[in-house]
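Take a look at the letters that make up each chain.
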Amino acid sequence: MKHVVVDPVTRIEGHLRVEMQIDEGTGKVIDAISSGTAWRGLELVMKDRDPRDAWAYIQRICGVCTTAHALASVRAVEDAFGIKIPKNANYIRNIMAASLTVQDHLVHFYHLHALDWVSPLEALAADPVATANLQTTVLNAYKLNVTGYPGISTEAYPKDFPKSTPQYYATVQAKIKAIVDSKQLGIFAAQWWDHPDYKLLPPEVHLMAVAHYLEMLDKHRELVAPHVIFGGKNPHPHYLVGGMPCSISMDDGNAPVNTDRLAIVDRSINTGRTLINNYYIPDLLAIGSAYVKAGRVDGGGLAKKCVVAFGAYPIEEYNGTTNGGFFKKLLVRCNGVVENFGTPNVKFIEFNQEDLQSPDTISESVDHAWYEYDKQGASLHPWEGETKEHFTGPKDGTPTMWKELNAGGKYSWLKTPKWHGKLAEVGPLARYIVIYQRNKMGLLPDPTWAEQMMLQQIDMVSKLLNVQPEVWMPTMVGRVATRGLDCQLSAEISKFFFDKLITNIKSGDTAVANMEKWEPSTWPKECKGVGVYEAPRGALSHWVNIKDGKISNYQCIVPTTWNACPRDDKAGHGAFEQSMIETHVQIPDKPLEIVKVVRSFDPCMACATHFYNAKGEKIQTVTTDPYTGTHVEK
Amino acid sequence: MEKRETMWESYRRRGLSRRTFIKGCVALTSLMGLSSGMVSKVVEAAETKQLPVVIWIHGHECTGCDESFIRSAAPLASDLILNNVALEYDHLLSAGSGEPFEEHLEKTIQAYNGKYILAVEGAVATKGSGIYCMSGGHPFLETLQRAAKGAAAIIAYGTCAVSGGIQSAAPNPTGSAGIGHFIGAKDVVNVPGCPPIPEVMTGVVMHVALFGKLPPLDSQGRPKQFYGNRIHDTCYRRPFFDAGLFADSYDDAGSKAGWCLYKLGCRGPETYNSCGNIRWFQGMSYPVQSGAPCIGCANANFWNQGPFSDRLPKYGPLGDIDKIGAGLAVATTAGVAAHGVLSVYQRSRRDAEAAESDEVKGGEDK
Numbered sequence: 097m098k099h100v101v102v103d104p105v106t107r108i109e110g111h112l113r114v115e116m117q118i119d120e121g122t123g124k125v126i127d128a129i130s131s132g133t134a135w136r137g138l139e140l141v142m143k144d145r146d147p148r149d150a151w152a153y154i155q156r157i158c159g160v161c162t163t164a165h166a167l168a169s170v171r172a173v174e175d176a177f178g179i180k181i182p183k184n185a186n187y188i189r190n191i192m193a194a195s196l197t198v199q200d201h202l203v204h205f206y207h208l209h210a211l212d213w214v215s216p217l218e219a220l221a222a223d224p225v226a227t228a229n230l231q232t233t234v235l236n237a238y239k240l241n242v243t244g245y246p247g248i249s250t251e252a253y254p255k256d257f258p259k260s261t262p263q264y265y266a267t268v269q270a271k272i273k274a275i276v277d278s279k280q281l282g283i284f285a286a287q288w289w290d291h292p293d294y295k296l297l298p299p300e301v302h303l304m305a306v307a308h309y310l311e312m313l314d315k316h317r318e319l320v321a322p323h324v325i326f327g328g329k330n331p332h333p334h335y336l337v338g339g340m341p342c343s344i345s346m347d348d349g350n351a352p353v354n355t356d357r358l359a360i361v362d363r364s365i366n367t368g369r370t371l372i373n374n375y376y377i378p379d380l381l382a383i384g385s386a387y388v389k390a391g392r393v394d395g396g397g398l399a400k401k402c403v404v405a406f407g408a409y410p411i412e413e414y415n416g417t418t419n420g421g422f423f424k425k426l427l428v429r430c431n432g433v434v435e436n437f438g439t440p441n442v443k444f445i446e447f448n449q450e451d452l453q454s455p456d457t458i459s460e461s462v463d464h465a466w467y468e469y470d471k472q473g474a475s476l477h478p479w480e481g482e483t484k485e486h487f488t489g490p491k492d493g494t495p496t497m498w499k500e501l502n503a504g505g506k507y508s509w510l511k512t513p514k515w516h517g518k519l520a521e522v523g524p525l526a527r528y529i530v531i532y533q534r535n536k537m538g539l540l541p542d543p544t545w546a547e548q549m550m551l552q553q554i555d556m557v558s559k560l561l562n563v564q565p566e567v568w569m570p571t572m573v574g575r576v577a578t579r580g581l582d583c584q585l586s587a588e589i590s591k592f593f594f595d596k597l598i599t600n601i602k603s604g605d606t607a608v609a610n611m612e613k614w615e616p617s618t619w620p621k622e623c624k625g626v627g628v629y630e631a632p633r634g635a636l637s638h639w640v641n642i643k644d645g646k647i648s649n650y651q652c653i654v655p656t657t658w659n660a661c662p663r664d665d666k667a668g669h670g671a672f673e674q675s676m677i678e679t680h681v682q683i684p685d686k687p688l689e690i691v692k693v694v695r696s697f698d699p700c701m702a703c704a705t706h707f708y709n710a711k712g713e714k715i716q717t718v719t720t721d722p723y724t725g726t727h728v729e730k
Numbered sequence: 204m205e206k207r208e209t210m211w212e213s214y215r216r217r218g219l220s221r222r223t224f225i226k227g228c229v230a231l232t233s234l235m236g237l238s239s240g241m242v243s244k245v246v247e248a249a250e251t252k253q254l255p256v257v258i259w260i261h262g263h264e265c266t267g268c269d270e271s272f273i274r275s276a277a278p279l280a281s282d283l284i285l286n287n288v289a290l291e292y293d294h295l296l297s298a299g300s301g302e303p304f305e306e307h308l309e310k311t312i313q314a315y316n317g318k319y320i321l322a323v324e325g326a327v328a329t330k331g332s333g334i335y336c337m338s339g340g341h342p343f344l345e346t347l348q349r350a351a352k353g354a355a356a357i358i359a360y361g362t363c364a365v366s367g368g369i370q371s372a373a374p375n376p377t378g379s380a381g382i383g384h385f386i387g388a389k390d391v392v393n394v395p396g397c398p399p400i401p402e403v404m405t406g407v408v409m410h411v412a413l414f415g416k417l418p419p420l421d422s423q424g425r426p427k428q429f430y431g432n433r434i435h436d437t438c439y440r441r442p443f444f445d446a447g448l449f450a451d452s453y454d455d456a457g458s459k460a461g462w463c464l465y466k467l468g469c470r471g472p473e474t475y476n477s478c479g480n481i482r483w484f485q486g487m488s489y490p491v492q493s494g495a496p497c498i499g500c501a502n503a504n505f506w507n508q509g510p511f512s513d514r515l516p517k518y519g520p521l522g523d524i525d526k527i528g529a530g531l532a533v534a535t536t537a538g539v540a541a542h543g544v545l546s547v548y549q550r551s552r553r554d555a556e557a558a559e560s561d562e563v564k565g566g567e568d569k
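If you read the protein sequences in the order shown, they are chains E and R.
For the first sequence, our numbering assigns the number 97 to the initial residue and increments by one for each residue that follows.
For the second sequence, our numbering assigns the number 204 to the initial residue and increments by one for each residue that follows.
In isolation and in its complexed conformation, chain E is listed as follows:
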């Protein structure tokens, strides 16, 4: 038995450590630990803030899925105050949410995950002529020609196409060779490049994918241009409780939004569609199908046991989340839970507003998290969450020099969220499983164009791989593939809401903000609200309590907390740990398969490590005033 640690796990957001016990003879992972190793305490910072500012603070949970927390936050505060936002604000927010998903997924595939599948060193052996031919083959075989949103096209022809000349690939290859020869590998340094997994694909696939890695590094910025137009910047665009700050006027050259500005958004959306359809999807399916053909259908995590999604994209403005308004206007009705996917006992349960509030539905335990409850072993609904931090250090080592964490005790700053006492997986895979299963059981009447597109995507991939969805979906490859499909869908959704925005402005409606309840005098003395959003990484929810015009409690349940949580003594392992346990490791000292399967979740640790209570005690104050200097008050 070998104890193996990977810390830090890189190419993710935040600080993550994984540990495994591996049987060296068989390569089987006997036990695995997923530990969030940093905690910032942002919910404590939220206490007593102005609820109209909450989005700005809580958006800083994460700069990778920037905007996700801001959106969930304004939705929660508007739910608490009973604010209905204007149509345009709903469309604009949806365009921003969809553009985030497009950019975030694309960056994940090429810049955070690709180097687990392809290697710049393997690319050196490629023949540039064969690579150019391969590019053509890949475009012919793996481009997924789905029926997207049938809107008005403003684009004459796709502006970005993969280059397939031998000269291009020879140039890229020469560049890679020069980097390798210089012995300064830079970002390519210190990887397990001699791992046998890199031999699964021919050298030409490596060269093609590395070339696209470089191209997308310079292109991805264009995909979030809508954030810069509507929110002023990215990362961390600006939002507004009651709508959006970006007023629309076709009469003013200085207006935040006019024709010129909308044209920039339109261009960005077209670029997104093109990059996904011509680069991302073909690359993804070419690599993914090679893995499936090689029998690599492991790493399913909790996809076969329990997946949860909240539902996505309100088509029109709605009247609150707590009262169920949100769930009645969804473009993608993935609000549901699927248990035992792919087995005869498969179950679909619709998720709605009652589930957000019932203490029996969502609860959290801290058996293995560095907190303690008054009642040991309890599971508490976030509304009643207690927090006493209780750092116990590692099993082997010191509090500031860890050798091995304590699998039998506490080992992470993440709590363990549960659905009816069970652990669950969230994310694009969960969304696609819910839509697929819901439809299969006849519970998805009159599918929207977006739902039809999802079903068509699943069907086309199944035919391409020549296996049933129940086989390919609940695997690591399935998790990665559905993220790509989600990306393709999101680009179409951006276009859908852009067209709605134009149509509505055309009808004479330019309102972007409802300011009726802006002044604190219009607020109830005490209220609470919920905001949900299917973020790129899965089901996100924010809860806010407001008392006397200030935030009295703020809570988030974040996708990566669902997936990366420590084990629960009754319910077992979370999705990260389960997926590691199901993954075969060829060389225990070089656990490439492990980091690959962990990264297939697109971990966002800064999101995950927050606890659910605003009753913290002051520890110390650090003053950083430029006039008085920085000092720490004990």
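Calculated from the structure, these hints are not laboratory results.
Hints may be right or wrong, so weigh each one.
Cut-off 27 Å, straight-line C-alpha distance, at most; resulting in silico cross-link-like pairs (DSS-like, lysine-lysine) [to be verified]:
{"no.": "1", "chain 1": "E", "residue 1": "Lys613", "chain 2": "E", "residue 2": "Lys183"}
{"no.": "2", "chain 1": "E", "residue 1": "Lys273", "chain 2": "R", "residue 2": "Lys310"}
{"no.": "3", "chain 1": "E", "residue 1": "Lys279", "chain 2": "R", "residue 2": "Lys318"}
{"no.": "4", "chain 1": "R", "residue 1": "Lys310", "chain 2": "E", "residue 2": "Lys686"}
{"no.": "5", "chain 1": "E", "residue 1": "Lys559", "chain 2": "E", "residue 2": "Lys692"}
{"no.": "6", "chain 1": "R", "residue 1": "Lys389", "chain 2": "E", "residue 2": "Lys499"}
{"no.": "7", "chain 1": "E", "residue 1": "Lys279", "chain 2": "R", "residue 2": "Lys310"}
{"no.": "8", "chain 1": "E", "residue 1": "Lys624", "chain 2": "E", "residue 2": "Lys646"}
{"no.": "9", "chain 1": "R", "residue 1": "Lys310", "chain 2": "E", "residue 2": "Lys271"}
We have chain E already, so just place chain R on it with the hints.
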């Protein structure tokens, strides 16, 4: 790992012409806000100085700064990372992980002792000897101190690294602070912002790469090229402020017309940053242009200066803009005078806050 090539060598290796190289230098010169007469100096620097190694470490942060960095358009992210610096250690982009990656950090620190640039993103968690921010099995605080020792230059990227940022806002649960007090006597380039503008982040690295020294800094360690002006001074809506034309509410006629957002709480008059001139995404926009008042994200301690809807006169001796708007407009036409007034007002506001700091100790945010 021994050899480092110059920018000119790198251009030659890529088969690019001398002309392309000079063009690149001209672009960099203008990017760094230098006069055209500086081109020859840039060319000389790029030819003769070695390419720098960059080590980028992460404390308590959200990775928004890293994300901003890779959105740079001039220089392009790929050009910068693959040809102008050797980014040997970075949690977001580096291929490696775990033990070999940590070994590579140590080897790089040794091999380039006294020569590498240390980029720091995120705050230092000080409480409990640093247990709230662990990486590689030890506190980030230790990594920072170890890496700072051999650094030729240290760049604090973002408001978190500069002054503690969001996690240091009251009640600062993890005792987080900026890096300044934990790196010995080293010079630091402070690049505040939440996050900073992409081209500001890459421009600082390029300056060090080309000139082999830190860019000229102001009294707070910020590069003068990028933080020399208040957003208010460079704001395209400034004429409306001077003329007394304001948006009174979001989405009103003034908002649609693109008038000044001062009355909605804009912090442009106290915020030194390049949002007004460089703007985001190569001049595409900045919060004010998109109708959103500046929240002052490049200011130390700005998270404790809410609510953001409170406009500046509420803090200081200037009184209510509604009453003194005309007088202020007259004063600001003098420009210099206005700058003086606002500087005095900012200072007095901060002094007042320092006096109130006892109240903050109750764990209450104001």
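Right, here's what the structure says about each hint:
1. Only pairs whose Cα atoms come within 27 Å are accepted, and E/Lys613 paired with E/Lys183 is accepted, the gap being roughly 17 Å.
2. Note on E/Lys273 and R/Lys310: the hinted pairing holds, with a Cα-Cα distance of about 22 Å set against a maximum of 27 Å.
3. For the given pair, E/Lys279 sits about 17 Å from R/Lys318 by alpha-carbon distance, which is consistent with the 27 Å threshold.
4. With a CA separation close to 19 Å, the supplied pair R/Lys310 and E/Lys686 stays within the 27 Å bound.
5. Among the hinted pairs, E/Lys559 with E/Lys692 is consistent with the structure: their alpha-carbon atoms are about 25 Å apart, no more than 27 Å.
6. With a CA separation close to 32 Å, the supplied pair R/Lys389 and E/Lys499 exceeds the 27 Å bound.
7. Simply put, E/Lys279 and R/Lys310 have alpha-carbon atoms about 13 Å apart, close enough for the 27 Å limit, and the pair holds.
8. Straight-line distance between C-alpha atoms of E/Lys624 and E/Lys646 comes to about 11 Å, which keeps the hinted pair within the 27 Å bound.
9. Only pairs whose Cα atoms come within 27 Å are accepted, and R/Lys310 paired with E/Lys271 is accepted, the gap being roughly 25 Å.
Comparing the model with each earlier hint shows a violation of hint 6 alone; every other hint is respected.
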